[in-house]
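*Asks:* Using my numbering, read the sequence shown as starting at -6 and increasing by one per residue.
None of these hints come from the bench; they were simulated from the model. Treat the hints with care, as some may be off.
[Stated by the list, open to error] Taking CB as the label site, the calculated pair distances span: (1) E(-5) with S72: 45 to 55 Å; (2) T101 with P69: 16 to 26 Å; (3) W77 with S125: 46 to 56 Å; (4) R112 with R81: 21 to 31 Å; (5) V124 with Q76: 19 to 29 Å; (6) P47 with R26: 34 to 44 Å.
Remember, it's a predicted structure, so these values are computed and weren't measured experimentally. Think of the CB as a built atom: it goes at the ideal place given N, C-alpha and C, for glycine as much as any other residue.
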Amino acid sequence: MEMKRIVARLLVAAACLAGAAPALAQEVSVRARVDRSRLAEGGQVILTVEASGPSLGEVAPPDVSGIVDFDIVGGPMPSSRFQWINGRTSSTKSYAYVLRPRKTGTRTIPPLGLLVSGRTYRTQSIDVEVVSGSAGGGPPAGVPPGPALRGGPGL
């Protein structure tokens, strides 16, 4: 009789664990973003593709073969972040690319596939407006205008 209870508990525990695995897989999110949505011809834009979730496993670089409106002039530049706060984990794996548009107009970065633990996730497409001349706006977000180095007294 005791053996039946142990087997029953093991079956319940296995069923709970089997149900948790798909739930963890569904918590993975992917996104693509650019540092600016408008730039001058000849300028560059930084594309970052990232996967986030409680437990990512293996994350392969995105398939960028579908990017035809831009030349890829840098990347992939990978980065990883892992957090453990109050017993909860989260991790992010990012790949950054430097892109240069091939011509003016509204250029599109298509949805990109990102392979996470054997499953492919897709990002949304991104439109970037490329204008002629130097009317593309200021520096990317987070970069102050003006000289990169500012001297203090005596410099």
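*Asks:* Can you give the numbers of the hints that this structure goes against, from lowest to highest?
*Replies:* Failing hints, ascending: 5 and 6.
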